[in-house]
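Build the full structure now, drawing on both the sequences and the hints.
So the protein lines, in turn, are chains A and B.
Residues in the first sequence are numbered consecutively from 1, following our numbering.
Residues in the second sequence are numbered consecutively from 1, following our numbering.
If you're looking for bench data, these hints aren't it; they were derived computationally from the structure.
Fair warning: this is a prediction, and the values are worked out from it, not measured in the lab.
For every residue, glycine included, the Cβ atom is placed at its ideal position computed from N, Cα and C.
Among the hints, erroneous ones may be present.
Covered by chain A, per the in silico footprint, the following chain B stretches (three or more residues, Cβ under 8 Å) [stated by the list, open to error]:
#, stretch
1, 123-135
2, 225-239
3, 258-264
2 protein chains.
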Amino acid sequence: MRAAIMHGPGDVRVEERDEPRIVEPTDAIVRLAATCICGSDLWPYRGFEDGEWPVPMGHEYAGVVEEVGGGVTRIRPGQFVIGSFFASDNTCEICRAGYQTSCIRRTPVGGAQAEVLRVPLADGTLVATPGLPPDDLVPSLLAASDVLGTGWFGAVAAQVGPGKTVAVVGDGAVGLLAVLAARRLGAERIIVMSRHEPRQELAREFGATDVVVERGDEGVAHVKDLTGGLGAHSVIEAVGTQESMVQAVRATRPGGHVGFVGVPHGVELSGRELFFSHVHLHGGPAPVRRFLPELIELIYDRAIDPGRVFDLELPLDQAAEGYRAMDERRAIKTLLRP
Amino acid sequence: MRAAIMHGPGDVRVEERDEPRIVEPTDAIVRLAATCICGSDLWPYRGFEDGEWPVPMGHEYAGVVEEVGGGVTRIRPGQFVIGSFFASDNTCEICRAGYQTSCIRRTPVGGAQAEVLRVPLADGTLVATPGLPPDDLVPSLLAASDVLGTGWFGAVAAQVGPGKTVAVVGDGAVGLLAVLAARRLGAERIIVMSRHEPRQELAREFGATDVVVERGDEGVAHVKDLTGGLGAHSVIEAVGTQESMVQAVRATRPGGHVGFVGVPHGVELSGRELFFSHVHLHGGPAPVRRFLPELIELIYDRAIDPGRVFDLELPLDQAAEGYRAMDERRAIKTLLRP
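Laid out in structure tokens, this is it:
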């Protein structure tokens, strides 16, 4: 099969590899209908993360089950399924509390930028759609695999709800889908922090009511101006840099909530600033599995259209161009068709 | 009047000073029945905080109102009142959300280790008891002014509740009263991290079910051993050092809650560790005012006896000895009688 392999920063190649096979009795083999490139894939692409090269890329996936191991009872061949970037048993105490990405048996799922994928702990990890989905829903279902679920978790972690003013730091796919999540969860006002016009546009279509183009302390000052000097009730951080985290904390009012879902790179938080900020801080790798059934239903009902974050679609063979387009911010997110 | 003044690290003197007078129409003048020395007073005493010397000490107080300004309508002379270390209007949006220590008009209250105290924003800040309290309740009412309210906020911030396992990092007065709060709030199991026998004893009387004497990673390992490898649901941090904060985060299970109420000194938190820990983090200067009516009622009903943390009582004139006893850990907390 064909698969996208990163050989080092800036060097992605699509190569022939052996098809994965069942290893554990709890595995499933999924033939992918679509996969995509994640903002987090850009960290190693840009040389900000050490990796053991070469590494098969991709952790977002949706497709049809081809085969399951002997221990799999809930998932069946022929089902269209979506899963998340960590496999989880969905039965341990941590999973039952809704933190499947910290499952005591969690295993990373990798190599999804390919034709076929092995998914461990299939019964716990995969959620089947009601039937084979119409083709136009596939991008949205694929988005549920990570970016939608992550934006959604950011909004839930930030305690978004009716009557609240929400600010979103970051206008990548996760930030944009955090806007969509905040709208669905009833936020009264949604401020997106973005300086890119096409992204501002999509943010507004997803439900943003205000755009703040400034960053850092100026951005914080603008959010405070918009909120009677107090700051937002809920702030979603969807970048992962020191600047964006500090901006998120400072844009939140005392007693408010920061949901942080950008994987932190070099972020150090001052205990004293956090203390006197009086904010609640919660985040981490999104337990997408918690939200998948609800998100699939909303997508099937066409109540949300998260697939719109894919503004570039390429055949898997052109994965390298997909990375370049995202790196140069020519594309928000690239969908790859195997 | 007599008042305790810190002239530099280790140098506390009780001196004659002018009695405070009404400055703003919203002020009240309170003749103190009791005051005390706070664990946080030890930071400058030990030279860990720069101050502008000399500085009048003390921020915990309970006593009888002598006089109020022309703008005070709710508080009246003759009432026995308790207040907190930040004055607050109790009407702004932040106060109404329960974060009175971040009131948009907040003002620090200082110089309470004295005979008489000026309290700004008296209507918002002070809570009157049902009548003049019996003398044996005064220590507990004084504890409500800060340490009890702070321990209580730590437990609330850590989302303590029925069925939960709680760990408390720190066996000072705040940590011990966090144990008491956790018990009142219905915790199933309360692990106190303490290596001092008399404090372990009091912790057990307040409701602790387990004692962990190890610190750092060993202490974390012991808490995990006691919780099926997962960590506690709720951890209250009541120290404020790098070691204690890291210990608190690591002793919490994914999805669990850390309530941190020790004023951080030199604490830097790794964004990446917080992210992958999946904990909720909330804390700050305790909005004691939020809890005062409830705490006063519990004390009046003799349902709780937080005054037991005062294991040394001295006349105000011997404040210096009170500081020494706490610094040398001979006393948990010193009550001073003006």
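To see whether the hints hold, each was checked on the structure:
Counting residues of the stretch 123-135 of chain B whose CB lies closer than 8 Å to any CB of chain A gives 0, so the stated coverage by that chain is violated, three being the minimum. With a threshold of 8 Å between beta carbons, the proposed coverage of the stretch 225-239 of chain B by chain A holds, since 3 of its residues qualify and at least three are required. Three residues within the 8 Å Cβ limit are the bar, and the stretch 258-264 of chain B against chain A gives 3, so the coverage statement holds.
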